[in-house]
Amino acid sequence: MNRIPQQPIDANELAQVTDVGRRRFIAGLGASAAIVSSGSLMRPAWAQSTLNVGVLLPTSGFQAFIGKSCKLGADIAPNVLPGLGYGMPIRLMHADTETNVDVARSRAERLINDGAHVLVGAFDSGASAAIAQVCEQKGVPFIVNIAAAPQITEQGYKFTFRNFPTAIDLVRNGLALIGDIFHATNTVPRTAVFMHVNDTFGQAMARGIGAILPRLDFLPFKVVETIAYDPAARDLSVEVAKAKATKADFLMLVCRLNDAILVRREMVKQRWSPMGIIGPGNPGMYEAQFYNALGKLSEYCMSNVPWYNPKAPLTHSIERAFRKSFPKEKLMFHALNVGFTVEAIMIAADAYKRARTTDAKALADAIRQTSIANRMMIGGPIKFNAKGQVEGIKSACIQNLKMRPTVVLPAASAEAKPVFPMPGYRKA
Amino acid sequence: MLLMAVLTAALLILPAFADTYILSVAILILYFAYLGQAWNVMMGFCGQLSLGHSLYVGVGAYVSAALFVHFGIQPWLGVWAAVLACMAAGAAIGVLAFRFGIGGVYFALLTIAFAEFTRIGFDHLRWVGGSGGFFLHVAQREFNDVLALRGSPAMFYYVMLVATVAAFVFCAWLLHTRIGYYWQAIREDPEAAQALGINTFRYKMLAIVISSGMSAFGGVFFAFYYNNLFPEQIFSMSRSIEIILGPIIGGIGTLFGPILGAAVLTVLAEGITELMAAFGWEIPGVKQVFYGACLLAVIVFVPRGIWPALARCLGLESRGKGPRDG
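In order, the protein sequence lines correspond to chains A and B.
Just so you know, our numbering puts 268 at position 268 of the first sequence, and the rest follows in order with no gaps.
Count along the second sequence from 1, then add 1000; that gives the number in our numbering.
Just so you know, these hints were derived from the structure itself, not from any lab.
Every residue gets a Cβ at the ideal spot worked out from N, C-alpha and C, and that includes glycine.
Check the hints yourself; a few may be wrong.
[Said to hold, decoys possible] SDA-like, lysine to any residue: derived pairs with alpha carbons at most 25 Å apart:
1. A:LYS158 x B:ASN1227
2. A:LYS68 x B:GLY1280
3. A:LYS296 x A:PRO313
4. A:LYS296 x A:LYS324
5. A:LYS387 x B:VAL1069
[To be verified] Computed beta-carbon distance windows for the label pairs:
6. A:ASN292 x B:VAL1289: 55 to 65 Å
7. B:ARG1126 x A:SER237: 40 to 50 Å
8. B:ASP1145 x A:ARG323: 48 to 58 Å
9. B:ILE1241 x A:ARG234: 45 to 55 Å
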């Protein structure tokens, strides 16, 4: 009859009882602890296999700055996802598209050949469109993190999904938020002067605004003058003087970083103090260099862009992971890039969790059924329509307050109230 | 000849053995070899430096794509319109430059200027999508439709292979005609050529028109292979540089140079990426640095390109054919 221990027994005693040597017992105990702590025993069999996610981003070439910013999001995703219930192993396979369509296509082929089950990327519309074709031919799901060309999801693709607003939605959301700013601050500006950088992006935005603004009859203002300027200009005094001469109530500015700094400096020099400066869907005024270059003069500028919800629980966990991985960086200066890249990888993980297989078709079917309410970016839940496009992604009004981009609208996500009209210059 | 036969056979059966990644790399090699050959007609044969060949690729791509999307005209018909449009563009540049005696660096600057303002023009041309890009509809097909240039990578590979071989044969033929000899005379000494009675204007014009027409086909291929066109990308200066790097590395003015150069550069580029991946290194931009180093090495050690040096080693010069002849 076996001896049944009545008292707690130590390791030596247990080893004697079970006829296992002390060293073997301790080794076995260690191994068991390792297995249990890694969660392998608690994971179902399907989750033991790894989901290979190919991440295609332009980390070299002229889009390298933004590509690297997106990559920060990809790098932290594996640390964040287990806390969200996506504990299955995920392997990221990085590839540099070199800001080149040809390279993007061949890198996508390579990643799929190397065993990628799903692709994520590629920041640029041209590269994304090229990758989408490869994915369609191979039957591998492709989740677009950032790319605004509407045509990407208008081709009837079955394996391409996009969690980013189209260019039209970006402009529409940005303009609609201008109305919200006026409503929230009880102001009724009647006139605006529209300045825009005269490059590809600026022209596209200008055309979008020209097409959509007349239809938004709830907006109380009219554009009294449109002024285009050269993206490489070193002096914008004439353009700003021209804008000032219109006596418009506020400045609607479609810019990039360097010209945004030039315009702002010139406004101070010329003592032009309109009610506000609003970017209807462009970068420039919320970037780290804008604050560094202008100091307090950067204050009160507004940008209506897709942004993360600072109050969302997911944002907090991502911010913690981000701070831990990149102590020298601040999430707020990578908001859009990190947010949409993390979400794209989360969509892949979520589909894998439900599909319970790495089979491409099953993964694509699962992505189509995605419904993720706990998201980082402002907007409705992540749900794909029949074309593979997530609808309802909103823009936020970001105002520079206390030298940082601060969400002021929509009210549900706001960290502060919008300041409009902005205070005049006291000393400049 | 034996080497050529083996190479041709290997290229013909490649799709049967290669996976799609290898095939996409092979397509890139052939694509740049073809465009390099087209550029070589102007610079290598006739001595006129063009740094704006992306203009012809872009115009060719847009013309054929627009005809296909808006009027349903098949690419093999559209390609003629593209070739004509590019020839007209080339002729316009040629008349401006050669009639008024613009040559050398100033001609190169003129070609860049034309490519640049064409890009700006297409940025505003809403009929073809403007700066927002022009997309060709992509449909899933069960079979290869060669007439519509819709199909698998293998089909595109064969199309580009035939085009590259045709360009090679055409250029080899050209080089041994009177036109070819006149071009070489103009390249070596335009004043002397003129003194000998060669109508330099006419033959320079012929070079630019043929080169631009050949480049147009590269554009048509690009449009139907990638199915999206952005002025910012297709007319960019970097694309022009990509086109000319192959012939420079391989050997300007030679027939095999553009092919060898394109193969060396593409394989090196992919090789570096693979090597980096194997070692787990992530150093963005290292490929471009390596490209620059290669170019520097070629300029310093084999200034006439790899092919002439290789031809010397293989003893091909001794048959009375200089390396410049291929």
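Going down the list of hints, with the structure as the test:
1. Only pairs whose Cα atoms come within 25 Å are accepted, and A:LYS158 paired with B:ASN1227 is accepted, the gap being roughly 17 Å.
2. With a C-alpha separation of about 17 Å, the suggested pair A:LYS68 and B:GLY1280 falls inside the 25 Å cut-off, and the hint holds.
3. A distance of roughly 31 Å separates the Cα atoms of A:LYS296 and A:PRO313; the hinted pair therefore is violated under the 25 Å criterion.
4. Distance restraint check for A:LYS296 and A:LYS324: the Cα-Cα separation of roughly 29 Å exceeds the 25 Å cut-off, and the hinted pair is therefore not satisfied.
5. Straight-line distance between C-alpha atoms of A:LYS387 and B:VAL1069 comes to about 21 Å, which keeps the hinted pair within the 25 Å bound.
6. Checked against the hint of 55 to 65 Å, the C-beta distance between A:ASN292 and B:VAL1289 comes to roughly 28 Å, which is inconsistent with it.
7. A C-beta distance of roughly 32 Å is found between B:ARG1126 and A:SER237, which places it outside the suggested range of 40 to 50 Å.
8. Restraint check, B:ASP1145 to A:ARG323: a C-beta distance of roughly 54 Å satisfies the suggested window 48 to 58 Å.
9. At about 26 Å, the beta-carbon gap between B:ILE1241 and A:ARG234 misses the expected band of 45 to 55 Å.
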